[in-house]
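> If you want the building blocks of each chain, they are given just below.
There are 2 protein chains.
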Amino acid sequence: MLSKAQIKYIKSLRTQKYRLESRAFIAEGEKIACEWLSTKEPITHIVALESWLRQHDTLLKNHPEASIYEIDEATLLSISSLKSSQSALLVAKMPKPPLIFPQNGWSIALDRLQDPGNMGTIIRIADWFGISSIVCSPHCVDIYNPKVVQAAMGGHLRVQFLEADLEKYFEETSLPIYAAVLNGENLYQSQKSKDGVLLIGNESQGLTPNLVKLATNRVSIPRFGGAESLNAAVATGIICSHLIQH
Amino acid sequence: MLSKAQIKYIKSLRTQKYRLESRAFIAEGEKIACEWLSTKEPITHIVALESWLRQHDTLLKNHPEASIYEIDEATLLSISSLKSSQSALLVAKMPKPPLIFPQNGWSIALDRLQDPGNMGTIIRIADWFGISSIVCSPHCVDIYNPKVVQAAMGGHLRVQFLEADLEKYFEETSLPIYAAVLNGENLYQSQKSKDGVLLIGNESQGLTPNLVKLATNRVSIPRFGGAESLNAAVATGIICSHLIQH
Chain A
268 MLSKAQIKYI
278 KSLRTQKYRL
288 ESRAFIAEGE
298 KIACEWLSTK
308 EPITHIVALE
318 SWLRQHDTLL
328 KNHPEASIYE
338 IDEATLLSIS
348 SLKSSQSALL
358 VAKMPKPPLI
368 FPQNGWSIAL
378 DRLQDPGNMG
388 TIIRIADWFG
398 ISSIVCSPHC
408 VDIYNPKVVQ
418 AAMGGHLRVQ
428 FLEADLEKYF
438 EETSLPIYAA
448 VLNGENLYQS
458 QKSKDGVLLI
468 GNESQGLTPN
478 LVKLATNRVS
488 IPRFGGAESL
498 NAAVATGIIC
508 SHLIQH
Chain B
268 MLSKAQIKYI
278 KSLRTQKYRL
288 ESRAFIAEGE
298 KIACEWLSTK
308 EPITHIVALE
318 SWLRQHDTLL
328 KNHPEASIYE
338 IDEATLLSIS
348 SLKSSQSALL
358 VAKMPKPPLI
368 FPQNGWSIAL
378 DRLQDPGNMG
388 TIIRIADWFG
398 ISSIVCSPHC
408 VDIYNPKVVQ
418 AAMGGHLRVQ
428 FLEADLEKYF
438 EETSLPIYAA
448 VLNGENLYQS
458 QKSKDGVLLI
468 GNESQGLTPN
478 LVKLATNRVS
488 IPRFGGAESL
498 NAAVATGIIC
508 SHLIQH
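Heads up: the protein sequence lines correspond to chains A and B, in order.
Sequential numbering of the first sequence, starting at 268, is according to my numbering.
Sequential numbering of the second sequence, starting at 268, is according to my numbering.
Hint data in this document are derived by calculation from the structure and do not stem from the laboratory.
Do not take every clue at face value.
Cβ-to-Cβ under 8 Å is the rule here; a few derived chain B residues that face chain A [unchecked claim]:
no.	residue
1	438
2	485
3	488
4	490
5	501
6	513
Just so you know, these numbers come straight off a predicted model, no measurement behind them.
Cβ coordinates follow ideal geometry from the N, Cα and C atoms, glycine included.
Construct the entire structure; sequences and hints are all you get.
If you want it as structure tokens, here you go:
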């Protein structure tokens, strides 16, 4: 059974400060829990309904390092940071970030992205298009925020993350840098590329002007209707689908 | 000043039942309020901070039909269905839905779409690409849910909505119907079209098999990484950007 101290610990992981202290985060929901368990990523706690534990017996054997706790639905919901009831919650350890900037293939650079749903959705997009790295500027929403982990649908398991000064990255890399802007080159007429960095800005303020200056290309999704802008994650998906050459 | 009864009325509009009863809904946030006020759409209540009212004096004159209420920040936040504090909230009247199904140009058909963020984002995508109509099956999230209105960023003002049995629509229309599925024709090799219906399914269950049967085309976004699927709104954006011929 989970002790009060353990419940307190798991709940504390809703806050970035405590996540950083223990280098751990929450991964919730049946599907996401299964994805995590089927890898070798280190897990410290598996908290789930009795029926779920029974059903996933084989997966659990993959993780002898984890403590397993059977829990009732009401208690699980009280620990969860999600609104709807789930059947399983894991505490996983954060992998060490890579030591060097991505220098080949495609990566996504995020400038002060704020919304956890957008961050998670962009991780899922990277995961879909086979983009191996996401570089986050300071002041982005934490990639281990429970809502981000939820929206990324297991993307954390296949995408690498780095927090860094984007100016420094752009000065160091020879990859083409594509800034998503409102008045750039028509995306539909842009050349596809085998590698590059896609630079996406803050939801309401867009990109920091200095970063746009460092970009080698500025691309825009042509607009045919009345909307002022597109959602940041939708724009990321559309640009990836047009620019990445596989 | 807003009376207690008026506060109760505005709060009641968080619920679909009361929205339908009064054929009214909430549009919140500075930007969205300005978009609404700059149209001739009927508004019954304008509730805002004194500074905001002063600043938007000219816009307010567009709407002599509306009652204007000055409010303090704390009270506005307590009425609001959003988490962050805003400076303005409107109560607007729902327009009458069109009497006939869209029969030319592009429309989007949604099969039991559940998430308000996705619905709002899809409305914003339709608005960006100049898609004039969205047809919702029964059991979609209500398009006048405050979170939908927020995420649509004014898209309600330019996109028409219809709730209908999609089978009936598909049997009646001669437009090509493109179902977004996981194992269909490669989107990147699909012919663009000047008109059509893009059919998008429920976030976890996908499309109703009968609807897929009625579709003339089944399209898929090629996958190059490990993700099982893309977010519904992101998929909508990507397909629109590849299929719509302008």
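> Given residue 488/B as an interface hint, is the shortest Cβ-Cβ distance to chain A below 8 Å?
Since chain A brings a Cβ to about 7 Å from residue 488/B, closer than 8 Å, the hint holds.
> Min Cβ distance, residue 501/B to chain A: is it shorter than 8 Å?
4 Å, holds
> How about residue 438/B: closest beta carbon in chain A under 8 Å, or not?
28 Å, violated
> For the restraint on residue 513/B, tell me whether the closest CB of chain A is nearer than 8 Å.
5 Å, holds
> Can you verify the interface hint for residue 490/B: is its Cβ closer than 8 Å to any Cβ in chain A?
Hint holds; residue 490/B Cβ to chain A Cβ min 6 Å, cut 8 Å.
> Closer than 8 Å between Cβ atoms is the bar; does residue 485/B clear it against chain A? Give me holds or violated.
Residue 485/B check fails; min Cβ-Cβ to chain A is 18 Å, beyond 8 Å.
Violated hints, listed in ascending order, are 1 and 2; each of the other numbered hints is respected by the structure.
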